[in-house]
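S.K.: Fit chains A and B to the supplied structure of chain W, relying on the hints for placement.
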Amino acid sequence: MAMSLLGRFAARAPVPVFPAVGRDGEVRLDVLSLAPALRVVDSPRHASILLVSGDIRTADRDSLARVHDQLAHPRATLWWGTQPRADTGAALTVAAAESPETALRDLYRRLLTGGHTSETHWLADEPPNPWRGRGDHGQGGEGMMGGVPYGRMMPMPPTPDLRDGLALDVYTAQFGPFLPQLPPGLVLEITLQGDVIQSAAVVRPPFLPGRDASAPFDRVLHEATPVAAIERARAAHHLRCVARLLGILQLAPQAARCRRTALKIERGGSIDLAPLRKTLRRAGAFAAIPAGLGPIDAAWAAELGGPAARAADQARDRRETAPAYRNLDFRTLCQSGGDVRARFTQWLDEAEQALALARAAGDAAIEKGAPVETPWGHRAPPSVYRLTDMLPGLEWGEALLTIASFDAAAVCRMAPLGIENP
Amino acid sequence: MIELLGLAAIGVIAVAAGLALQWLARADDHRVSEPQKVPFLGGGSPQVHAWQRYHVRYYSMTLLFIAFEMEMMFMYPWAVVYVAEGIKALVEMGMFLTILSIGILYGWREGIFRWQ
Amino acid sequence: MTLLIASWIAVLLFGAWCVAVLDNLALALIERRSAAGALTAPLYGAAALLRQQQNRTEAPDLLNWKLAPALYLGLAAAGVAVVPLAPGDILADLQAGIVLWGAVEALTVVVVFLHGWSANSMLALIGAYRYVAIGLPVMLLSMFVLIAAALPAESLAVSAIVESQRSLWNVVRQPLGLPLFLLLGLSLSFRGPFNYADSADLAGGTAAEVSGASRLLWEFARLAMLAAVAAMASTVFLGGYLGPVLPGPLWLLLKTAALLIVLVAASHLFARLSPARMLTLLWVVLLPLAFVDLLWAGVVAL
Numbered sequence: 309m310a311m312s313l314l315g316r317f318a319a320r321a322p323v324p325v326f327p328a329v330g331r332d333g334e335v336r337l338d339v340l341s342l343a344p345a346l347r348v349v350d351s352p353r354h355a356s357i358l359l360v361s362g363d364i365r366t367a368d369r370d371s372l373a374r375v376h377d378q379l380a381h382p383r384a385t386l387w388w389g390t391q392p393r394a395d396t397g398a399a400l401t402v403a404a405a406e407s408p409e410t411a412l413r414d415l416y417r418r419l420l421t422g423g424h425t426s427e428t429h430w431l432a433d434e435p436p437n438p439w440r441g442r443g444d445h446g447q448g449g450e451g452m453m454g455g456v457p458y459g460r461m462m463p464m465p466p467t468p469d470l471r472d473g474l475a476l477d478v479y480t481a482q483f484g485p486f487l488p489q490l491p492p493g494l495v496l497e498i499t500l501q502g503d504v505i506q507s508a509a510v511v512r513p514p515f516l517p518g519r520d521a522s523a524p525f526d527r528v529l530h531e532a533t534p535v536a537a538i539e540r541a542r543a544a545h546h547l548r549c550v551a552r553l554l555g556i557l558q559l560a561p562q563a564a565r566c567r568r569t570a571l572k573i574e575r576g577g578s579i580d581l582a583p584l585r586k587t588l589r590r591a592g593a594f595a596a597i598p599a600g601l602g603p604i605d606a607a608w609a610a611e612l613g614g615p616a617a618r619a620a621d622q623a624r625d626r627r628e629t630a631p632a633y634r635n636l637d638f639r640t641l642c643q644s645g646g647d648v649r650a651r652f653t654q655w656l657d658e659a660e661q662a663l664a665l666a667r668a669a670g671d672a673a674i675e676k677g678a679p680v681e682t683p684w685g686h687r688a689p690p691s692v693y694r695l696t697d698m699l700p701g702l703e704w705g706e707a708l709l710t711i712a713s714f715d716a717a718a719v720c721r722m723a724p725l726g727i728e729n730p
Numbered sequence: 748m749i750e751l752l753g754l755a756a757i758g759v760i761a762v763a764a765g766l767a768l769q770w771l772a773r774a775d776d777h778r779v780s781e782p783q784k785v786p787f788l789g790g791g792s793p794q795v796h797a798w799q800r801y802h803v804r805y806y807s808m809t810l811l812f813i814a815f816e817m818e819m820m821f822m823y824p825w826a827v828v829y830v831a832e833g834i835k836a837l838v839e840m841g842m843f844l845t846i847l848s849i850g851i852l853y854g855w856r857e858g859i860f861r862w863q
Numbered sequence: 018m019t020l021l022i023a024s025w026i027a028v029l030l031f032g033a034w035c036v037a038v039l040d041n042l043a044l045a046l047i048e049r050r051s052a053a054g055a056l057t058a059p060l061y062g063a064a065a066l067l068r069q070q071q072n073r074t075e076a077p078d079l080l081n082w083k084l085a086p087a088l089y090l091g092l093a094a095a096g097v098a099v100v101p102l103a104p105g106d107i108l109a110d111l112q113a114g115i116v117l118w119g120a121v122e123a124l125t126v127v128v129v130f131l132h133g134w135s136a137n138s139m140l141a142l143i144g145a146y147r148y149v150a151i152g153l154p155v156m157l158l159s160m161f162v163l164i165a166a167a168l169p170a171e172s173l174a175v176s177a178i179v180e181s182q183r184s185l186w187n188v189v190r191q192p193l194g195l196p197l198f199l200l201l202g203l204s205l206s207f208r209g210p211f212n213y214a215d216s217a218d219l220a221g222g223t224a225a226e227v228s229g230a231s232r233l234l235w236e237f238a239r240l241a242m243l244a245a246v247a248a249m250a251s252t253v254f255l256g257g258y259l260g261p262v263l264p265g266p267l268w269l270l271l272k273t274a275a276l277l278i279v280l281v282a283a284s285h286l287f288a289r290l291s292p293a294r295m296l297t298l299l300w301v302v303l304l305p306l307a308f309v310d311l312l313w314a315g316v317v318a319l
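Residue numbers (the working numbering), protein chains in the order written: chain W, 309 to 730; chain A, 748 to 863; chain B, 18 to 319.
Chain W with its partners taken away, still in its complex shape:
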């Protein structure tokens, strides 16, 4: 009785959802995360529902199973715009075009009131590394650490630290592809000493900008497209990038406001970004990013292109010469720093500029097949500059800030597969 009452109470809480983002799944998750009835959480331990958004690569299936098994009971999985795993009998699916909000609510209620059985584990129920210790607590081993308390190895042989040369233990593990603060799909093998990154290698690259984000720009290939639509899409994209960075600065509500603004812009609302910018400045978002963090030089910037290049003072923008922009008084915006703070500022500047252009454009259109400036840099080929070269020596939070300061296309090109990994 008491339990069912508690269950009914619990079912009225915001649905705690852990997102596993696959290909094309990011933008729609950003939109969904604004629903008041949901709470998108950072750890599967805090979630009751695993929301698989977008297609999961074959290589990521084990990681997905691992994250699924890390959710606390009662738990369930909802597949949004993707095929469920073959071995999960009656899987719940929602089409990509629909919002899963009501399905999530309903699933959560049934989960808590006993209408839906909690899912069992997908991986084998055995220790990933068998017990190798001796004695009750595994204390009977050899060496200065006194044995192997659990099947995992003891720390690697000490190596001199990058910053001060002290030889201490290192911790090596694969992070991602579902770590919320890394770009979706990116798997890094990171070696840490304390909280400072000693070395990093790409195991699997992140996803290129998804269908939702690139659709307005791909449209130009097939038909004439209004400048206003292109510029709105650009502003929305940049604001979502800003939101990702704000999350790492511990500014979750401001990040949500950016996402909400992005959605309003996509839906055609007329938005002034000045108040948002003022809020961010007062929050110290600019000052909290260390000066000179994650710098790129001119050659590097030229190779990446897009806002990252313009943030490093490379005034290159296709809109300068595009006929559709001729009467719009377009002026390429640049920053001089080339660091994380400059890229952050550049996104905000360009979003503001894009909205001004969208207002001024009227019904001007870009003709079919004309070159269009996308909100990210060049998409190919793999760059000779490596994301993994930037990370060693950075503290964990600074490293995440650095990665989040690049758009998906840039991260993709700087994190190609199988080159660092022999």
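Source of the hints: derived by calculation from the structure; they are not laboratory data. One or more of the hints may lead you astray.
[Stated by the list, open to error] Simulated restraints, written as ranges between beta carbons of each label pair: (1) B:Pro104 x A:Leu751: 17 to 27 Å; (2) W:Ala394 x A:Leu771: 32 to 42 Å; (3) A:Leu771 x W:Asn437: 31 to 41 Å; (4) B:Val317 x A:Arg800: 44 to 54 Å; (5) B:Leu298 x W:Ala405: 44 to 54 Å; (6) B:Leu298 x A:Ile813: 15 to 25 Å; (7) W:Thr499 x A:Met842: 42 to 52 Å; (8) A:Trp770 x W:Arg687: 48 to 58 Å; (9) A:Pro824 x B:Pro104: 40 to 50 Å; (10) W:Arg369 x B:Leu21: 50 to 60 Å.
[Claimed, not checked] Some chain A residues close to chain W (C-beta under 7 Å, calculated; not the full set): (11) Ala755; (12) Gly758; (13) Arg773; (14) His777; (15) Glu781; (16) Gln783; (17) Phe787; (18) Gly790; (19) Gln794; (20) Gln799; (21) Tyr801; (22) Arg804; (23) Ser807; (24) Thr809; (25) Ala814; (26) Gln863.
[Unchecked claim] Here are some chain W residues the structure puts well away from chain A; computed CB gaps all over 10 Å: (27) Ser351; (28) Leu372; (29) Val402; (30) Asp526; (31) Ile579; (32) Arg590.
Positions of the beta carbon are idealized from the N, C-alpha and C atoms, including for glycine.
M.R.: Chains A and B only, in chain W's frame:
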């Protein structure tokens, strides 16, 4: 004395309530499966244990901290007699703090507040 | 006595609920969305955590893992116990109440570290070590401003500090004290700009591996700890139960609520610095400010 006993009782009640909550809620729990126990790394699996000789990058700051923490012990009795002792107490503590402040400046110059 | 114990429990439970509601309101205000359900959401959320399974990790230090949230709550409870509700109405009228509060601060650093350490998980461990770096200097500066408040009272008892404010509140006499002490509130419950323990970049930090009732207890203790700091700050700097017309406990309640609003707003309005920069800021700027506060208080008290 009676106050200390009361305070101890308060602490024990709160801690006991906390432990009891975790104990009672355990009743209808599922068994924790082996794959569920793997530390969360966003889908990855660690090769080694997290417990290790962790590189505490602010260790030199903790030495400075100890100097100030010891000073705090002198400040408690000093605060009680301060008004009675008057200007003498002010000057004495001022000298003490000045010496320690030089320690902060020296540490800052040596970079002990950086993540080295 | 029964009334005192009842009000002590009420401060913890009601205080934590108030902070959670204020959090919801602040988030809604900043995100520019409606704040519907802000009053009930904490209760439903607590029920949801009670229905969730409690997690374990590979080879954790289970004893300390279960003990840490309970101890944290115990510390918040002990902190509230030294706050006088009215003249003579104090659960633990210690001669050295300020020293006890200092012990609460120091042990909080230990407990938070234990919570992150015992899971045997890297993200939680980073949160634990990081918290110690920031928790230690914040504790120092809060003790300096508390001692400054003890100077005019000529006593370390919290009740004596309240009585010493009959003529003038400490917030006027020592204007630097209150803002510096409020920083302690953010640090003790690791919120917003001082969230180095359970931060988003560590997927929840020390709580990243915790679920169910253990997590409910941990989050509840965080909220209760913030309420305890606000109650202590209003007692030491805003004259506690002193005030005209209204009864003493009501004054204390009003002042505590006002400080909670400030604390909750500050925890959602400011970005977090990287740990090394925060450490420098604390030692090089804020700690010297605490010295100035002490000097200021000393000169005024003579």
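S.K.: Each hint needs a verdict: does it hold in this structure or not?
M.R.: Hint check results:
1. B:Pro104 x A:Leu751: 17 to 27 Å: holds, 21 Å
2. W:Ala394 x A:Leu771: 32 to 42 Å: holds, 40 Å
3. A:Leu771 x W:Asn437: 31 to 41 Å: Since the Cβ atoms of leucine 771 (chain A) and asparagine 437 (chain W) sit about 33 Å apart, the hinted range of 31 to 41 Å holds.
4. B:Val317 x A:Arg800: 44 to 54 Å: Given about 49 Å between the Cβ atoms, the range holds.
5. B:Leu298 x W:Ala405: 44 to 54 Å: Roughly 49 Å apart at Cβ, these two residues keep to the hinted range, so it holds.
6. B:Leu298 x A:Ile813: 15 to 25 Å: holds, 21 Å
7. W:Thr499 x A:Met842: 42 to 52 Å: holds, 48 Å
8. A:Trp770 x W:Arg687: 48 to 58 Å: holds, 56 Å
9. A:Pro824 x B:Pro104: 40 to 50 Å: violated, 26 Å
10. W:Arg369 x B:Leu21: 50 to 60 Å: Cβ of arginine 369 (chain W) to Cβ of leucine 21 (chain B): about 59 Å, so the range 50 to 60 Å holds.
11. Ala755: The hint is violated - alanine 755 (chain A) has no Cβ within 7 Å of chain W, the shortest such distance being about 32 Å.
12. Gly758: violated, 28 Å
13. Arg773: violated, 12 Å
14. His777: Holds, about 4 Å.
15. Glu781: Holds. Min distance 5 Å.
16. Gln783: holds, 5 Å
17. Phe787: With a minimum Cβ separation of about 6 Å from chain W (threshold 7 Å), the hint on phenylalanine 787 (chain A) holds.
18. Gly790: holds, 3 Å
19. Gln794: At 6 Å from the nearest chain W Cβ, glutamine 794 (chain A) passes the 7 Å test, so the hint holds.
20. Gln799: It holds, given that the least Cβ distance between glutamine 799 (chain A) and chain W is near 4 Å, below 7 Å.
21. Tyr801: OK, holds: tyrosine 801 (chain A) within 7 Å of chain W, min 6 Å.
22. Arg804: Status holds, d = 5 Å.
23. Ser807: Violated: closest Cβ of chain W sits about 10 Å from serine 807 (chain A), beyond 7 Å.
24. Thr809: violated, 14 Å
25. Ala814: Because about 22 Å separates alanine 814 (chain A) from the closest Cβ in chain W, which is outside the 7 Å limit, the hint is violated.
26. Gln863: Since chain W brings a Cβ to about 5 Å from glutamine 863 (chain A), closer than 7 Å, the hint holds.
27. Ser351: violated, 6 Å
28. Leu372: At about 7 Å from chain A, leucine 372 (chain W) fails to clear the 10 Å cut-off, so the statement is violated.
29. Val402: The claim stands: valine 402 (chain W) keeps its Cβ more than 10 Å from every Cβ of chain A (closest is about 22 Å).
30. Asp526: It holds; aspartate 526 (chain W) is separated from chain A by about 30 Å at its closest Cβ, greater than 10 Å.
31. Ile579: holds, 33 Å
32. Arg590: It holds; arginine 590 (chain W) is separated from chain A by about 26 Å at its closest Cβ, greater than 10 Å.
When the structure is compared with the earlier hints, violations turn up for hints 9, 11, 12, 13, 23, 24, 25, 27 and 28 and for no others.
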